[in-house]
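For this one, chain A is given, so just place chains B, C and D with the ligands on it according to the hints.
Chains as they are written, first to last, in numbering that gives the first Met the number 0: chain A, 0 to 164; chain B, 0 to 164; chain C, 0 to 410; chain D, 0 to 410.
If you are wondering where the hints come from, they were derived from the structure by calculation, not from laboratory data.
Keep in mind that the hints are not guaranteed to be accurate.
Unchecked claim - Quick list of in silico lysine to any residue cross-link-like pairs, SDA-like style, CA-CA up to 20 Å: (1) A/K22 x A/E63; (2) B/K17 x C/D342; (3) B/K17 x C/E73.
Said to hold, decoys possible - Incomplete in silico selection of chain D near chain C, CB under 7 Å: (4) L21; (5) N34; (6) N56; (7) L64; (8) S129; (9) Q131; (10) P230; (11) S264; (12) A267; (13) P279; (14) D354.
These figures come from a predicted structure and were not determined experimentally.
Built from N, CA and C at the ideal position, the CB exists for glycine as well.
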Amino acid sequence: MSAELDSLYQEIILDHYKNPHHKGLRGDPSSAGVAEVHHVNPTCGDEVTLRVHLTDGPEGRIVEDVSYDAVGCSISQASTSVMADLVIGKPVDEAMSVHQTFLELMQGKGQVEPDEEVLEDGIAFAGVAKFPARVKCALLSWMAWKDATAQAQSDSAPTGGVTHD
Amino acid sequence: MSAELDSLYQEIILDHYKNPHHKGLRGDPSSAGVAEVHHVNPTCGDEVTLRVHLTDGPEGRIVEDVSYDAVGCSISQASTSVMADLVIGKPVDEAMSVHQTFLELMQGKGQVEPDEEVLEDGIAFAGVAKFPARVKCALLSWMAWKDATAQAQSDSAPTGGVTHD
Amino acid sequence: MDGLLPDLDVIRKDFPILERTLAGGVPLVYLDSANTSQKPQVVIDTMVDHLERHNANIARAMHQLGAESTEAYEGARDKVAAFLNAPSRNEVVFTKNATEALNLLARTIELGPGDNVVITEMEHHSNIVSWQLACERSGAELRWFGLTDEGELDLADADQLVDENTKVLAFTWVSNMLGTINPVTDLVERARAFGALSVIDASQAAPQLPIDVQAVGCDFLVFTGHKVCGPTGIGVLWGREELLNALPPFHGGGEMIETVTMARSTYAKVPHRFEAGTPPIVEAVGLGCAVDYLGHIGLQAIHAHEQAITAYALEGLQSVPGLRVMGPLDATRRGGAISFELDGVHPHDIAQVLDSRGVAVRAGHHCARPAHARFGVQSSTRMSSYLYTTPAEIDALVEGLHHTRSYFKVG
Amino acid sequence: MDGLLPDLDVIRKDFPILERTLAGGVPLVYLDSANTSQKPQVVIDTMVDHLERHNANIARAMHQLGAESTEAYEGARDKVAAFLNAPSRNEVVFTKNATEALNLLARTIELGPGDNVVITEMEHHSNIVSWQLACERSGAELRWFGLTDEGELDLADADQLVDENTKVLAFTWVSNMLGTINPVTDLVERARAFGALSVIDASQAAPQLPIDVQAVGCDFLVFTGHKVCGPTGIGVLWGREELLNALPPFHGGGEMIETVTMARSTYAKVPHRFEAGTPPIVEAVGLGCAVDYLGHIGLQAIHAHEQAITAYALEGLQSVPGLRVMGPLDATRRGGAISFELDGVHPHDIAQVLDSRGVAVRAGHHCARPAHARFGVQSSTRMSSYLYTTPAEIDALVEGLHHTRSYFKVG
Ligand SMILES: Cc1ncc(COP(=O)(O)O)c(C=O)c1O
Ligand SMILES: Cc1ncc(COP(=O)(O)O)c(C=O)c1O
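For reference, chain A alone in the conformation it holds in the complex:
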């Protein structure tokens, strides 16, 4: 039984839980390229308020910053921290593809081999995929990020600029 549990609560997860990265809302939510969303897990009440700041880079939109306030379990808190680490500084397209990779890992029922190149600390969540009730915890902030990013994109799309969908 302990082995199962340890596969869920990897050291990396507990570390991020104790010391979450990028926690605490930053920046001005009303400035251009910034969007803020509030997501909840209806089953357990876990919540995240997440702010995304996009800027225009030479080759498209870039995730300038992600910050958040969140209450939730170790899995959801650690996942938020890891997510922020992974997407900040990446072009939106690339960040979306990391999102997709993480999603596939979570929905793989423990059958998907995690790609450390792409997911870095995120590979620690491979064990979560075997606990269907916890998958939602791990995905809460990733879904919030996707939503906020979509809003920031439509919001800040410079007229005549490139739009992504």
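Relative to chain A, chains B, C and D with the ligands alone:
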């Protein structure tokens, strides 16, 4: 199996079914002491329109006449015919007590011994009490009669006269 | 006989109740499947296994039993989605029965004065009264297609009935009284042409026809668990995801919410939006197993079986003097429910005599009073077959009807 | 330990699931009964017998199976009426669950602008959102009793809350989060004094307290089958007969009608008035058996057992450092659901560690978000016992909590 069936479909019942007594609405529904009701069996759609005419006798109200139009199965048709035979000409109180006796027979699940003195041809329905689905058929017009009689009583109650309840 | 299910004997063994004998030792001849179907052992066993080994509340529970129960419940949703060929599992909402599914729509689709709702004269009461109530509440007008003497929809005045103010066109796929199979795709297209929502009552179709909501193109479709070899207490509302998510909430309670404060709440998306409270969990699990069972035998094969039995029954019934079948006389154009009248004997009395011989049929208006009124009758006798029905059972019915005539000394 | 059920071992044998082992071979310690109760063998067997031998639709069917099925279904109504000490069996309406029963009332009790509905801050979402929606539809005002720090109703401003414009006072008998047992007769009297209808949510009371609707004097009371050892898919609405008959219809469909024409319909009296469509037949039969089972053991004895276990659990839980129980700390004033916080570990994580040891508890807001908000928390961990719970299971929980603290290196 045939014995069971024969206990339901007594000769008397089939006779009344083929040749119902007092069938066909009579009298003026708007005159004093007359009430008409329409009852249906929601399950099967059987219907009866029943008219009761009460008059004042020396010792209280009397069931002067009962007439009806009805569609339904042999049990409901025969029961209506027998009911009319039984109540016409009786004081309302006495008719109500016949009604009560018939009701008890029907709700007795086949355990109640029918009283021929009171129920006359009505004793033929003793077998019906063993068929729960058919009890409603046998009671349809009796319930209609009770309802109509109650209406005719309140309707025609001579001011200051005796009221029954 | 052509078309019968090849392993009919084996299939019958799946249904424990078919072994029953009734009063007087007569064997059961169950010809009331349009009322409710019998349950195969595998459905019963699956429910028992769930109750004995995996019972827990769903979604809310994080423990192993909760995970198992949730997986079983949500697995049933997948099976039903596959059964209907639904594009998304989210479109499958579990209700209590078909009636609740229809009332859910009638309560949540917005209607107002000037709007109209079109139904048909052959609907089950659940698809009539629900809309009557909706029209009373909203001031919308209720209209309906009449029936031809053959028991088909009278489409002659369709152009007057369905118009640009029509908000809903709701109709049964297969009539539970007349057996008529309606031209569903035509009706759906007519609704779409006027921007109306199409609602199909597939309660009688789901047991016996392959259903493909994408091919039919309807907006909503409902059916009920207990007629497809599943348990009572479970029904299905299918609808296009974006339409369902645009409807206001129906019942308020657990699981349908996103967040709740004392003053106000926000709501989840479908399917949870419409599954307030603890859902019929073991019932959904049973239904999932039932549609799998039907799928395994094959809906095409079941349909062929029903048509063969129906043709045989139509022939047998018409050999009884004074018997009049209501609805189409061509087995290929109808489902397996056959309602009839017999001169001189009331349906109750027919059913009673048949019952004394073990033959179970339904007598009454079958919750389709307007369709009975259309044919000038108060009630009728209805036999209805299913995948376990044999030609010998039809013979027993026909013999029983001859006996009924002699018992009541008619003819 | 005083108060425990004398034959606890024998009772446990009635529940097949209690023999289960979970991942890693650990035995099940089921402490999630306030979420859903486990089912005794006799309930399962009764349902199986019904499905295998007596299955048929009710009321409408005149054949022997129909009569047997109807008798079983209506017999269940008698049993539930006796369970509640209802003056008439007609007052027992079968619904899908407690949530549907509450929504039925919220949809059919007439409300308008100027009226108000009073609930409490400790309600389950089903008794909050249903009335929020009713108030939104009607323009009535929603008010609520707050809670004291001890988790009891704050009756200080009761005189301002309930007034002559109050149409409904709806409250839970026992809180599913705090365990609090509310002063139901006082509340009922307060409602009556102002001519308001009283609605009691007995979902958590029915499993563990003797209920006598005549003694309580309420107007309506609801509970749900799956928490009283019955199956899912069935709930009960009890109401005074004349009040129920005065409510307009809820769902339209089969069985709730008196007569139907295309243009309009008339409706049956209760209970059928509110049982549109094929009801949860086998579920009612299972529920009837379940309340008989509870009655046989005795609700007083079950209540005493729950109180003994609860007292023992409160003691054990408070031995865990950093653990805070929400709700009354006196076992005699509460039901058997105990929600708590543990410093430094989130409820999900607690539940997960406990689950790895076979201990099943619930983590989340238990469909009582406002009550959690009142105590400044998002979620909590809840253990809930029932008549099969042993002191040793409480020990396993407490040990598991100590282990949880060390696993997460707190303290
Ligand atoms: C107090 C209370 N009310 C209502 C409910 C709702 O019951 P159901 O989900 O069975 O409708 C519950 C249980 O979930 C409850 O604990
Ligand atoms: C055509 C049709 N629609 C609706 C229903 C209602 O189904 P349920 O009673 O299960 O809600 C039935 C069966 O009774 C039916 O035959």
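Do the hints match the structure? See the list:
no.: 1; hint: A/K22 x A/E63; in the structure: holds (15 Å)
no.: 2; hint: B/K17 x C/D342; in the structure: holds (13 Å)
no.: 3; hint: B/K17 x C/E73; in the structure: violated (58 Å)
no.: 4; hint: L21; in the structure: holds (5 Å)
no.: 5; hint: N34; in the structure: holds (4 Å)
no.: 6; hint: N56; in the structure: holds (4 Å)
no.: 7; hint: L64; in the structure: holds (6 Å)
no.: 8; hint: S129; in the structure: holds (4 Å)
no.: 9; hint: Q131; in the structure: holds (6 Å)
no.: 10; hint: P230; in the structure: holds (6 Å)
no.: 11; hint: S264; in the structure: holds (5 Å)
no.: 12; hint: A267; in the structure: violated (11 Å)
no.: 13; hint: P279; in the structure: holds (3 Å)
no.: 14; hint: D354; in the structure: holds (4 Å)
In this structure, the hints that do not hold are numbers 3 and 12, in rising order.
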